[in-house]
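Read top to bottom, the protein sequences are chains A and B. Plus 1 on top of the position in the first sequence (first one is 1) and you've got this note's numbering. Plus 4 on top of the position in the second sequence (first one is 1) and you've got this note's numbering.
Don't take every hint at face value.
Said to hold, decoys possible - Under the rule of at most 27 angstroms between Cα atoms (straight-line distance), these lysine-lysine pairs were calculated in the DSSO-like manner:
| # | chain 1 | residue 1 | chain 2 | residue 2 |
| --- | --- | --- | --- | --- |
| 1 | A | Lys133 | B | Lys7 |
| 2 | A | Lys89 | A | Lys133 |
| 3 | A | Lys133 | A | Lys160 |
| 4 | B | Lys7 | A | Lys117 |
| 5 | B | Lys7 | A | Lys171 |
| 6 | A | Lys171 | A | Lys117 |
For the record, the hints were derived by calculation from the structure and aren't laboratory data.
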Amino acid sequence: MTQVMEPRLPAPPRPLSFETVYHTYFQQVVRWMRAMMIPPADIEDAAQEVFLVAQRKLSGFHGDNIAGWLYRIADLTARNYRRLAWFKHLFTREPSDDVLDALTMGSTPAVTLEQKEDQRALALMLSRMSVKRRETLIMFEVEGYSGLEIASLQGVPIKTVWTRLHHARKDLVAMVATARRQCEREAGKP
Amino acid sequence: MTKRLRDMHEFASRDEAEAARLLRELAPAIPPPAAEQRVYARLGLQRQFTPRVMRLAVLASGPVMVTAVLGAALAMSFRHVAAERRLSATNARVSHASTKQLQVAALAPPIRERVAPEPTPATQSPYPSTPERERAKATPLPAPLPAPIAVRRKHPGAKLSADEPAKAAVRLPAIDVTESTAAHAAAAPAEEALLVLTGLRLLRRDHDPTQAGVLLGRYLERFPQGALVQEALALAIEASVVQGDGRAAAALAEQYIERFPSGRFSRFAHKVDGPRP
Chain A
2 MTQVMEPRLP
12 APPRPLSFET
22 VYHTYFQQVV
32 RWMRAMMIPP
42 ADIEDAAQEV
52 FLVAQRKLSG
62 FHGDNIAGWL
72 YRIADLTARN
82 YRRLAWFKHL
92 FTREPSDDVL
102 DALTMGSTPA
112 VTLEQKEDQR
122 ALALMLSRMS
132 VKRRETLIMF
142 EVEGYSGLEI
152 ASLQGVPIKT
162 VWTRLHHARK
172 DLVAMVATAR
182 RQCEREAGKP
Chain B
5 MTKRLRDMHE
15 FASRDEAEAA
25 RLLRELAPAI
35 PPPAAEQRVY
45 ARLGLQRQFT
55 PRVMRLAVLA
65 SGPVMVTAVL
75 GAALAMSFRH
85 VAAERRLSAT
95 NARVSHASTK
105 QLQVAALAPP
115 IRERVAPEPT
125 PATQSPYPST
135 PERERAKATP
145 LPAPLPAPIA
155 VRRKHPGAKL
165 SADEPAKAAV
175 RLPAIDVTES
185 TAAHAAAAPA
195 EEALLVLTGL
205 RLLRRDHDPT
215 QAGVLLGRYL
225 ERFPQGALVQ
235 EALALAIEAS
245 VVQGDGRAAA
255 ALAEQYIERF
265 PSGRFSRFAH
275 KVDGPRP
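With the rest of the complex left out, here is chain B (with noise of 0.2 angstroms):
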């Protein structure tokens, strides 16, 4: 039979006689009197109301819990049929928009020569004249772009010809936008925008600098101080290189860095001018 190593008295070595003289330092755990009446209170207390408490607990945390996932699911839906919706108004909002902006568009000679009569030395043509430019003045500008969504959205089954949306915008009733200033005032920026937005069109998509050139350049002859003249002036000036004409891009390029020497398109005017000293 092992013997403990504190009852032993001889040792085979120091550190074990040490060993078992801390051993024998310790008592074995007698609990306090108290302490087994104080627990079993303890248990009975919780014996009694416990169980009935987390059941309660559990059980009316269920229907909480699915109350609560079927509230989000719920406000999730009800929200996306609220986005769909403000979508849908924001889309109807802008067909329409964009009709009227057509409209103003295919109306834009006739207003610049009845509200803008005699236009000011500052605002003459930015471009050195050419024969080729003065040609492309002469003839008729195309009808302005549409805008895809509108008459998507307005006929959703039907199929369109490629002459359908400018002859929509033709019938459409014509606006006296003379009738009050302030309707003016409503149709300038949106038909600054209409320029420029139809002169990018035809640059990039439709692979026309000239006539893009020449929207262009009548937006900067009527709105000199407008708010997208750098837009336009690096859109003349790319429409100017596509076509292969380096000197009005030169002269372009020096005009906007002249005007906006920290501009957006500041670094794409000194590429085309040339390194500046």
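One chain only, chain A, in its complex shape (with noise of 0.2 angstroms):
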């Protein structure tokens, strides 16, 4: 069993520059990507995608939350990120491996086979849950962000937040159940 890290969102000190924002906010954006379902071998570009935007527009930002900002352009980076896929995967109609291996990031060599095929399975189940329900699941249950620092990073009320999450446990325990009726009766049959 893994342990969860306590995110703290910090503050970078005024005036902004791009260099301590970098610094401050590298590990949450990467976060954040897996948050959105990003495959590992792609976090790295995604992230130098959000900063590049970033760099471009700090010295138009003039607002208090800047991991709301960040988090933004990281939403709308991981939107074009999925539309491409989308459309690389316009005729297999098959969730790709990338995304199946998108929740792997953070593991360790040591994971067992059964613990990767959990990995994917858990990884299937979320590919097919609404994006907001899904990101919210996952930064709260497995990132460890509080329903505060999400509400802020998503800017919706708290309220939002956990409905969102509330609906996103009872489609996880329904896929779960699902699969496990599924895999009784493949093992009922002769």
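Dock chain to chain to rebuild the complex, using the hints, since each chain is given by itself in its own frame.
Structure below.
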């Protein structure tokens, strides 16, 4: 069982410089990208895209919620990535291995084959969930963000976060039940 | 405060416990230590070079695009002007050739007498002789029709009277086509075409099937193996039909079918001649 890290969203000192923003938020951006189901192989490129945009637009940013601003850029970058992936797999209509491996980031080489299969099964279930619910679920359950932090990042009220989380859990449990029934049916066959 | 599913120990159902177990299998995403430096280095490289290169590319692409568009526009206008010139040159050539053809046609009977004095038995008129046809033969042929394009191009502003082209044809100096056989050989296809064309105009435009029939008969006499025999025969059939001379039309159609069983106008000939068993 892995320990959940309790992330903090630090506020970089003012005036904002790109270097400070980068070093403060690089790890956070990578974790957001994973919650957005970007495959581990593409996470560095996606983070680079996010910081390129941030670098270009930082002079025009005058708000307080720099984490929320970066999260929004990351969200748009991930959306572009998903669109490209959808186009790439337009004719196969199968979730690619990239997506199934999206959640394997952070696992050590010592994980067993059974654990890998579990991770792939969970990734498959999460890929069928709506984007907002999935992101909220992963950020809360896996990445260890609090409800308030998620609300601040996503720019939504805290109640919306709880609602999304509730529905995401419900969906996940329903998908687990379906998978279990299917396994039992296959096992019952001669 | 909402508890995390993975931290719970009591579950409402088996499936919820299984979902919590699956979530526990996942670790938070921790990027490798070198990733931060790696991405920062790439950003630095891009920061130094990309904007400058991009700016140069954008600045350079503007004039290139403008030049390309202007070049294309100029090329198209030059092409248009060249096409106009070529067309006017062609029209001038056509007008010159048409004037010569008119002159040759006006001189057609003397040429026949001088070049081919004795018609062979194979070149007899394909028409059955009727009194009306004999009368039409005796009357002189009208002057061949002028080429309208040529006359209009020569005098674009002037109004033309009906007989002006014919006068112009008469006023032209005569050409001695017997000067050389080469000149005659060159004139023959033009005359051939002119006879059929004049017959066609007489028949279809001037509604004069009698004169058209005479002219086409003359063609068939003079050029029994000509390039336009099929057309001449078909037009002759049509002229006979328009005149109401069913027998002549049938005879011509039969002749056509015999000579060209699968010719271009065989269906038309069959219709006139009547269906064959």
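Could you grab the alpha-carbon distance between B/Lys7 and A/Lys171 and see if it respects the 27 angstroms cut-off?
holds, 15 angstroms
Check whether the Cα positions of A/Lys133 and A/Lys160 lie no farther apart than 27 angstroms.
holds, 14 angstroms
Under the criterion that the straight-line Cα-Cα distance not exceed 27 angstroms, is the pair B/Lys7, A/Lys117 satisfied?
holds, 26 angstroms
Is the Cα-Cα distance between A/Lys133 and B/Lys7 27 angstroms or less?
Roughly 20 angstroms separates the two Cα atoms, so the pair holds.
Between the alpha carbons of A/Lys89 and A/Lys133, is the straight-line distance 27 angstroms or under?
Holds: A/Lys89 and A/Lys133 sit about 22 angstroms apart, inside 27 angstroms.
Is the Cα-Cα distance between A/Lys171 and A/Lys117 27 angstroms or less?
holds, 23 angstroms
Of the numbered hints given earlier, the model fails none.
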